[in-house]
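Chemist: Residues per chain, in single letters:
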Amino acid sequence: MTAMDTKTLAGEIKAIANTEDNRRTRLINVVRKVQLSYGHVSQEMVGMIAEALGIERVEVEGVVSFYHFLSGKPVGRFPVYLNTSAVSEMMGMSEVADAFEKAAGIRFGETSGDGLFSLQYTSCIGMNDQEPAALVGGVPFTSLTAERATEIITALKSGNTPAELVEKYGYGDGNNANELVRSMVNNNLRKRGDILFGERENGAAIRKAVAMTPDEVITEVKTSKLRGRGGAGFPTGMKWDFCRRAESEKHFVFCNADEGEPGTFTNRVMLTEIPDLVFEGMTVAGYAIGSHKGILYLREEYIYLLEYLEDVLEKRRQAGLLGKAVAGRKGFDFDIRIQPGAGAYICGEESALINSSEGKRGEPRDRPPFPVVSGYMGHPTLVNNVETLAAAARVIEQGGEWFASYGSGESSGTKLLSISGDCQKPGVYELPMGMTVRVALQVVGAQDAAAVQVGGPSGTFIGEEHFDRKICYDDLGTGGAMMVFGPRRDILETVLNFARFFEDESCGWCVPCRVGTGLMHAKIKKIMAGNGTRTDLEEMESWGRSIAAASRCGLGQSAANPELTTLANFRKVYEERIKEDEYLTGFDLERAVEDACEATGRTAIHE
Amino acid sequence: MMTSEKITFYIDEIECTATQGQSILEAADENGVYIPRLCHQPDLLPGGSCRVCTVSANGRNQAACTTPVANDMIIENGSEEILDLRRAVIEMLFIEGNHYCPMCERSGNCELQAIAYRLKILAPRFPFMFPSRKLDATHPGIFIDGNRCIQCGRCVRAAQQIDKKPILGFIGRGGAVRIKASSTEGLKGVDISPDDACVKACPVGAIIVKDTAYRKPIGERMFDKQPIGSEIEARRTS
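The listed protein sequences derive, respectively, from chains D and X.
One point on numbering: in this note's numbering, the residue at position 254 of the first sequence is 254, and numbering is uninterrupted.
One point on numbering: in this note's numbering, the residue at position 223 of the second sequence is 223, and numbering is uninterrupted.
No lab work stands behind these hints, which were simulated from the structure alone.
A hint or two may mislead.
[As the list claims (entries may be wrong)] Calculated lysine-lysine pairs in the BS3-like style (CA-CA distance at most 27 Å, straight line):
(1) D/LYS360 with X/LYS188
(2) D/LYS360 with X/LYS134
(3) D/LYS222 with D/LYS33
(4) D/LYS360 with X/LYS164
(5) D/LYS14 with X/LYS165
(6) X/LYS200 with D/LYS7
(7) X/LYS216 with D/LYS360
(8) D/LYS73 with X/LYS134
(9) X/LYS200 with X/LYS216
(10) X/LYS188 with D/LYS73
(11) D/LYS33 with D/LYS157
Since the structure is predicted, the reported quantities are computational estimates derived from the model, not experimental observations.
Work out the full structure: start from the sequences and follow the hints.
Modeler: This is the structure we're talking about:
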């Protein structure tokens, strides 16, 4: 670059930093904007951003190199991020990938010479009900075929925009057709329950809340027995209570919309169809814990909803449901901002999400202190899942007893399930807590299911003998994901997919997860290559248990679940793949010299 | 004030006392009980990254460096299960990097090596990864060898917390996490000197001061005569 160019660029970067008030805590926002404007964040830009924000360049580089959608090297004008989730693979991802490569004339991992395209794989983008799916230029394209992939590349080459293509293919149902969304994504909302999708009036929950004391609101949530919908199931009322009681001049409410668990897409549908209810829940929570500021952490994969969500917020401000004296209640000022993510599964972990929102690498924090005591900027912070907050709003609107009358036992209310894979009607279902897997399978049209994965890669893999188990906190917990596998699927392909996922998504902070996820991935590859032995199975179990026992956060603690739950429930599948020897070399000489043999026209000599 | 309140807890059935608010590791140190650790350094905030100090506290596995001690807490530090977990973590560090102990300048003074000896590790159970790692030898007096770095972050925290200049940081994610100097020119481009706490913080042979290697003969190095942790155990009077 010439001196003049550098000067211009520095000015532009400075202006971008300015739009975020040059705040260090908005580093993610700044680098995202730079990425979008220039297609990458070069070493030169890293320095300029560091200067503008008054921080060390390694802090900027640390962030850029942490998130999937930020890049030090130029991506194309239309970056293609193809979803590698297990269901995407099942639905024909590799043919689509081949078509993209052929049409764009590059391989995955490369950027085309004309700077138009780059091809990359990415972890689940929340479209498992319409796979294979990809983000092209930030726009989701769903139900891809090889022909469609070729067509997209060809059309973009000839000057079309992704938006024009989406318009041609037709918008999805419901608010996907809203002028601020204009997306081809389909909701596939197949069962509306009474709680989340029941009849309601905007502001009703807030008006009811502000007529109560914050303590009364919390008591009502406790009465409902509502528990965290992200999967961990912590009692929501108790969490609100802890946060309220933590003394500080400020409190924060976070809505965790970073559903990165492959196979989960309930947040997507809720944010598309009932964002008001989600914001209502955040506002009620804000009132209950004494907060004035809510932050919705929106995963980069759902950024196509940003403009629409901002508009919903603006309308709520106009209706007096956000801003000064919310719902006429003097002293209760509350507003919400949206914090975009930049692509990292780990940011669904609440303390990692807070770090990310402070403009840092999305590494989890040590606990204690818990976020409810010391979270965002060191203040007490309530982090709740999208579904939890929406449910909480309904609890206040209709009463805790009403809510608790749904579900079973310690798992009250309904649960949104995002069901995908080998079933006739993949999509989102609001079903009562405590229903059996078998019932869920009937509802989605998957009577011939051979295996079901509940809770995503970090969850449990079960076979037919477990289909009468219940989906609830006391049995099979899930943040929403349920993947169905038909009788002809190879379970190990999915285990391999999950193992790669965890290796890709480990933040790298703690040793057992950083190293262990790679070791488990290598083991499953070894077994699938036909080089596995009984010793490998034993080692996988023992190593998996060590990784779970020593890792710092939930990611590492559950990273070996794909192997451990399949070794427990589908042992036969492994036994069929291994050799009976105790040890076996992982190196196959014949295969290693295969290419050389072919090139020279000779054959390897066998003994 | 509640902060100076004395509490009682137990490590492997040894009765110990602690002050409210201390971590398990700090309290154990004071009571002369050694819990192996790598990423912890007393004058730095705990990092909780190496997990070597994992203990079972009231039946749950916790990192001793980041978990506050509690009254009547029952801690397992020397059970075969905990020891095996620690060995696994140490072995992971050995196979993740390229640790050539026989010719390493830090041999005998290396905490990773010393803990491996103390835990009686003979060979790692995991296959070696033989990664390709970078060497930053741009600085006239100091170099960083990525081969031997265990990503414990002691240097990063020492630079921030003691030297008050965040010249080192983490880049990358997952298995690609690395320590990096905050300059396009590498270490040469940052304000760092051999006396800085961030240089001295390295427990392994990753940050080395040039022209200082092999000064002490075998037999006189830090861990030649007594295993690591002996100085802590010497505090136990009874």
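Chemist: All hints, please: hold or fail.
Modeler: Hints, one by one, checked against the model:
For the suggested pair D/LYS360 and X/LYS188, the alpha carbons sit about 26 Å apart, so the restraint of at most 27 Å is met. Proposed proximity of D/LYS360 and X/LYS134 is supported: the alpha carbons are some 25 Å apart, at most 27 Å. For the hint pairing D/LYS222 with D/LYS33, the CA-to-CA distance comes to about 41 Å; that exceeds 27 Å, so the pair is violated. A C-alpha spacing of about 19 Å is found between D/LYS360 and X/LYS164, which places the hinted pair at or below 27 Å, so the restraint holds.
At most 27 Å may separate the alpha-carbon atoms for a hinted pair to count; D/LYS14 and X/LYS165 meet this at roughly 23 Å. At roughly 39 Å between alpha-carbon atoms, X/LYS200 and D/LYS7 are farther apart than 27 Å, so this suggested pair is violated. Annotation: proposed proximity of X/LYS216 to D/LYS360 is violated, straight-line Cα distance about 42 Å (limit 27 Å). A hinted pair counts as satisfied when its Cα atoms are at most 27 Å apart, and D/LYS73 with X/LYS134 qualifies at roughly 19 Å.
With a CA separation close to 17 Å, the supplied pair X/LYS200 and X/LYS216 stays within the 27 Å bound. With a C-alpha separation of about 24 Å, the suggested pairing of X/LYS188 with D/LYS73 holds against the 27 Å cut-off. With a C-alpha separation of about 24 Å, the suggested pairing of D/LYS33 with D/LYS157 holds against the 27 Å cut-off.
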